[in-house]
Structure formats: structure tokens, C-alpha cells
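> Each chain, written out:
Number of protein chains: 2
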Amino acid sequence: MRYRNMSEFNLNILGCGSATPSLRHLPACQVVEYRGNLMMIDCGEGAQLSMRKAGLKFSRLNHIFISHLHGDHCLGLPGLLSTLALHQKGGTLTVHTFAEGAEMFSGIMDFFCRERSFDLQFNVIEPGKRQTVLDLPSLTVESFPLRHRVACAGFLFKEKPKMRHLKGDMARFYNVPVSQIKAIKEGADFVTPDGEVIANDRLTTPADRAASYAYCSDTVYDRSLADVVRGVDLLYHEATYADDCAQKARARFHSTASEAATVARDAGAGALLIGHFSNAYNDESRHLAEARAIFPDTLVAREGLRLEIPLKQL
Amino acid sequence: MRYRNMSEFNLNILGCGSATPSLRHLPACQVVEYRGNLMMIDCGEGAQLSMRKAGLKFSRLNHIFISHLHGDHCLGLPGLLSTLALHQKGGTLTVHTFAEGAEMFSGIMDFFCRERSFDLQFNVIEPGKRQTVLDLPSLTVESFPLRHRVACAGFLFKEKPKMRHLKGDMARFYNVPVSQIKAIKEGADFVTPDGEVIANDRLTTPADRAASYAYCSDTVYDRSLADVVRGVDLLYHEATYADDCAQKARARFHSTASEAATVARDAGAGALLIGHFSNAYNDESRHLAEARAIFPDTLVAREGLRLEIPLKQL
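Listed in order, the protein sequences are those of chains G and R. Position 122 (the first sequence) corresponds to 121 in numbering that gives the first Met the number 0; numbering is contiguous. Position 23 (the second sequence) corresponds to 22 in numbering that gives the first Met the number 0; numbering is contiguous.
None of these hints come from the bench; they were simulated from the model. A couple of the hints might just be wrong.
Repeated chains share a single entry, so a pair holds when one copy, or any two copies, can fit it.
[Claimed, not checked] Derived DSSO-like pairs (lysine-lysine); straight-line CA-CA distance at most 30 Å:
#, residue 1, residue 2
1, K56, K247
2, K128, K161
3, K247, K52
4, K88, K247
5, K166, K311
6, K311, K161
Generate coordinates for the entire structure from the input sequences, incorporating the hints supplied.
Okay, here's the thing in C-alpha cells:
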């Protein structure tokens, strides 16, 4: 079995704190790299500077997904968009957000940055509904509802099923015409001009596994989430609190690390990344210990972390 | 002559870059400390985090002055105000800005942070006019017009004339009644019950000098500014460019370091602090050399710099 280049699908954590920037964490922001394209999830204040620090190029950013309209998830947007315009970014940039977000940010941008070098589009996400918000040739992004104090969406990045790999030498041996190659990569057998059937597995090796990543923040513990993100390679689930604040978590529609781990376990996730940490903690050692007791393949987010999806190793 | 406690009037530089945050500079933000109260001038993205880093307490911040409505001077405001509310800041916070700024930011705050623990007030600055925007018992803040691409205001922080210092031993010797002390501190002689006139300078030592600070950013070189800021102890004047970009400076309504120094020299300023540096430079050595050739008492701003006003020494 061949291995694909693992670095074509990466996750960059730019901010994994909650509520306000602190000396330890920045507010929510992540950048998914997929085959050289950058897609941002949430855009807390400071996102643009974090992109620079991480060496992520503004010119490659074409999509921004906003989970919900709390300031710590989107107040970095006006500054980032203004900077993109000053940098003469071209093409289209699409912000995926709820209707009120589209209206608010479009108003802010018309005020602060009316002349833009790029085409700023808003793709309206409907709250409370699972839907495909982006459909690229080899990847889809779906939004799905999370249970928070306000309308909130999670995002599922899923590679499309991949084609089998053609064995070049065998294809040449059987004189497979170019017109047949797509069908063969999709699993068809090949019939030679004199009627001989060549079984597909003589001509191809299996397709790489399609990888996936799910972002669940902010949300109260919701057992039904496991179905939505079933089998995902990497699950980011908020873990604002540790067990000591379980009640506060419920009251504020946030989760504990144990609850995040329960979702990961029930979903059969490949790995769990916890984040969105409350400023009330001095470190996340409790969160990690409590999550690992339930789901051992748990990692703690931190600003600057870059992970390959699926993770090469834990 | 007695010396007042010099640390009662300080300037903190939180951001001295221009246009966008960079790896070297943050966008415009300063905090004036006056007798324990904090007043912010401009509020570029990241201002709230810089306050934390500088150890400046949110609870002491009661006034924010916005020079103009370019994003690099005010896009940190929504995040800062949201954080103040989350921190349960009490009292009143006044944002001094032009009418459109008041409307825009009040709309943003109603969207992101409708329930506030403090009273958010907007004090509308009229563009193109010199005016007192804040009148405290011992300090006034005036705004004055700057020449930029959009309406822009500079700010002059000026201590009110101070009272003379009473010599306690002499006051006791002459049995000066409490009711007379204010008049004597203001310069009056004292007449004893039997008609003897005690000259004021036997009872008092001279008042401390009233200190002042002027903020001029953003502005094209404007020779008439020297009159507005005449005799100021510390002048912050933008120096976006060095002489190599003098033409660009004029075209964009910015200044060079030499022009900033010319204003400082013509105004007879005590010292000049240059800032608002373009990201096109790797350091500000050219700016400094060119400014000092015209006005030797020039300093270069940098994030984290804290200066006493007037400067104790250069």
C-alpha cells in the first residue's frame, strides 16, 4: 500500500483560549491547510498576526468559517480583511457565517475598507441544520448544529473518496488507452481489444483513505454529536472546563474535558484535540488527565501547534 | 524647589506601527497614565492584550480617544470593550471619536455586547476644530485637527496650572487659618490679625510646572502644528517614513521623521517621540538619525516603552 503525502492536510492552532485573549491563550482561531489552500475556522482578535507568526500566507486564504457570533470567535475578522486588502490580495474570499454575521461584517467592511482588492463574499449558513457549505473537487466542508447559548455551527472537513492508484507499468503492458484510465482508477476492470478481462487489482493499488477533521466549539455536551462526527480522524472539541467546573460548563453551554473525551470515544475518533480553555486555569494538565482517562488519544491544543490529519502518531 | 512625584504622568506605547500589525510593530495604541487613571489614545487590534502585557489595569481605564477611523487606529475597540464587560468593569467609559465612529462602534457593541457592566458613552469630536474634549480637575485634553486623508484629530494632554506649595512650618508660625490656605497657595499674601502683611514667598515655594503631552498621528507635515503644540513637554509625531520616501509620505498624507523633527524644533518641544512606522523598514535607525539631525532630543517609540512626562532625562 502506498502512502499519500501526509502534509497535504494540516491543522494549525492559532488560538485556543476562550472569552478573552490572555497572557496564555489567544481567542479561537484555526487554519486548515488542504493541498496548499488555507481555510480559517473562527477568527478571534489577533488572527492576522498569528497567521504571520505561523508563516501562513494571506494570499492562500480563501475561506473563513465562523462558528458563531460571540466576539472571541470573530472580532479578528475586520482587521484580517482590512489587511488582506492592504496586501492587495486578489480573487475571492468567502466568509461562511450566519445571516446576521454576514450583515454585520459586511457593514463593518463597507465602513472601514470599502475599496477591496478581492471579492468579499458571504455564504450564509443556516442555523440548526446540517449542510454542505463548501464543495471542492476533493474536499467538502459541512456545517452542523452545536448546542450553545446562541446559534452555533460545527464544521466537518472531509476528503472525498479517493481514486485507486494506477500501476503505470501494468497500464503500459496492457496498452490501456488514456480514455479508460479514470474508470479504472474508479475500480473498473479493463477489457483488452481481444476481449480479455484484466481484473482491476492487477492494474491498480488501493486508494488512500479519505481523511477528515471535525471542529466542535462552542458546545455543551451533546451525546448525539458522536453520530455526526463518527469515525473522524481528528476531532477538535471544546473543553472549556475540567470536571471541577462541570456545573458551570452546563450552565454556560460549554463542555468539560471529560465530556469532549466521551464524544471522541463514542464517535470512534482517531484522535481528540481539546481546546477553548477557560482563563480560570493556570494550565491544562487537569483537562488532559481527565480526558485521557476516557479517551487516551487526546492532545491539548496550544497556539502554534501544527498537526497532520490524520495524525502520524500520537 | 520641591519636585513633584514624576511618575504621576506617564505614557505607555502599546503599538507604534502603521497600517497592519507586523512581526515588529502593533498598530497604533498608547495609554496615558495620569494620577492612576488610564486614558487610551487610539486602539489598534491587540490593544487589550498589550494592556495586559504592560500590567495596565482595565478597571482604571475610563477614556479612549480615537484620532481617526482607519482600522489600524480603532479595530481593537470592539474586543477591548467586550473584554471590559466580561471583566465586570464598572463606572463609565467614554469613547471620544467622530460622529460616524460613535455610530459604528455603538452598533458593533450593541451586536456583540449588548449587556454591559459599565456605562459606555460616546463623546463626539467635531472634526476640523480645536476643542476641549475632557476637563478633569487637574488636566484637560484638547483635540485639534490634523491633515490626513480622512478627518483626523490630534490630542493635547495638559496639566492645569498648579498651586504653590505651602511651607507648613511657616504657616504654623503665622497661625494661618485653614480658610486662607487655598488663596495663599494661589499666590495671595497673608495679612495677620494685627495687620502685618506676610509676602507670599515667605509662606510658599513655587508651583510645579504643569506638564503636557501632544499626540499627532496621522498627519502630513503641517508647519502650523508647531503653534498648536508649542512648548509641549513631549510631542509624539508620526514618522511613517524616512527621507527616502518623502514623496510617498506627502502623497499618503503621512510625515517623514525629518518633518516630525521640524515640528518639534519649531514648537520648542521638550522632547520628540516618533512612531507610526511603515512596515517597509527593517528598523528605525534612519528615522532616528534623520530626526536627530534636526531635533536632537528625539526618541524612537517601541512597544512596551514607558516614559515619564516630562522626561526625566533623554
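> With 30 Å as the alpha-carbon cut-off, assign the pair K166 and K311 to within, between, both or neither.
within (25 Å within a copy, 78 Å between copies)
> Tell me, please, which holds for K247 and K52 at an alpha-carbon limit of 30 Å: within, between, both or neither?
Answer is between; shortest inter-copy Cα gap is 28 Å, intra-copy 34 Å.
> For the identical chains here, do K88 and K247 meet the 30 Å Cα criterion within one copy, between copies, both, or neither?
Intra 43 Å, inter 21 Å, cutoff 30 Å: inter-copy only.
> Checking K311 and K161: alpha-carbon separation at most 30 Å within a copy, between copies, both or neither?
within (19 Å within a copy, 70 Å between copies)
> Can you tell me if K56 and K247 fall within 30 Å by alpha carbon in one copy, between copies, both or neither?
between (39 Å within a copy, 26 Å between copies)
> Evaluate K128 and K161 at a C-alpha cut-off of 30 Å and name the case that applies: within, between, both or neither.
within (27 Å within a copy, 66 Å between copies)
In terms of the numbered hints stated before, the structure departs from none.
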